[in-house]
Amino acid sequence: FSECTAGNWGGGMYVTSSARGDVALERARFVRCTSPQAALYLNGIERLALTNSHFVDNIASQTPAALFFTSSVAASGSIIRNTTFFG
Numbered sequence: 001f002s003e004c005t006a007g008n009w010g011g012g013m014y015v016t017s018s019a020r021g022d023v024a025l026e027r028a029r030f031v032r033c034t035s036p037q038a039a040l041y042l043n044g045i046e047r048l049a050l051t052n053s054h055f056v057d058n059i060a061s062q063t064p065a066a067l068f069f070t071s072s073v074a075a076s077g078s079i080i081r082n083t084t085f086f087g
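Just so you know, my numbering puts 16 at position 16 of the sequence shown, and the rest follows in order with no gaps.
The hints are simulated quantities; they were obtained by calculation from the structure and are not laboratory data. A couple of the hints might just be wrong.
As the list claims (entries may be wrong) - The calculated label-pair distances, taken between Cβ atoms and stated as ranges, are:
| hint | residue 1 | residue 2 | range |
| --- | --- | --- | --- |
| 1 | 24 | 64 | 17 to 27 Å |
| 2 | 77 | 7 | 24 to 34 Å |
| 3 | 83 | 3 | 15 to 25 Å |
| 4 | 79 | 17 | 19 to 29 Å |
| 5 | 76 | 2 | 29 to 39 Å |
| 6 | 84 | 63 | 14 to 24 Å |
C-beta: ideal position from N, C-alpha, C; glycine also.
All chains, please: the whole structure from these sequences, using the hints.
Shown next, in the form of structure tokens:
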């Protein structure tokens, strides 16, 4: 996702209330996304697997600018590996 803009949550990608749903992203890039909150906004999912991904120069009027993640269950099975945040 490059130079994406959202008028609401999730400048690049928005997922909410995905009961019994996992989100897995590999080699995802969120670059210069503009939104009220978070280039990648994940609310109420089960597990997140985010690997080899990059968040660069994202802009948000509220924190966080890069990643917002909440889990509907204990997030012990989630993993963020080899992921970088710049800017």
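Residue 64 and residue 24 - C-beta distance against the hinted 17 to 27 Å | Given a distance of about 20 Å, which is inside 17 to 27 Å, the answer is holds.
Determine whether the Cβ-Cβ distance between residue 83 and residue 3 falls within the hinted range of 15 to 25 Å.
-> Holds: the Cβ-Cβ distance is about 20 Å, inside 15 to 25 Å.
Cβ separation of residue 77 and residue 7, checked against the hinted range 24 to 34 Å | 33 Å, holds
Verdict for residue 84, residue 63 (Cβ pair) under range 14 to 24 Å = At 18 Å between Cβs, range holds.
Taking the CB of residue 79 and the CB of residue 17, does the distance hold inside 19 to 29 Å?
-> At 22 Å between Cβs, range holds.
CB of residue 76 to CB of residue 2, is that within 29 to 39 Å?
-> The hinted range 29 to 39 Å holds for residue 76 and residue 2, with Cβ atoms some 33 Å apart.
This entry satisfies every hint, going by the numbered hints stated previously.
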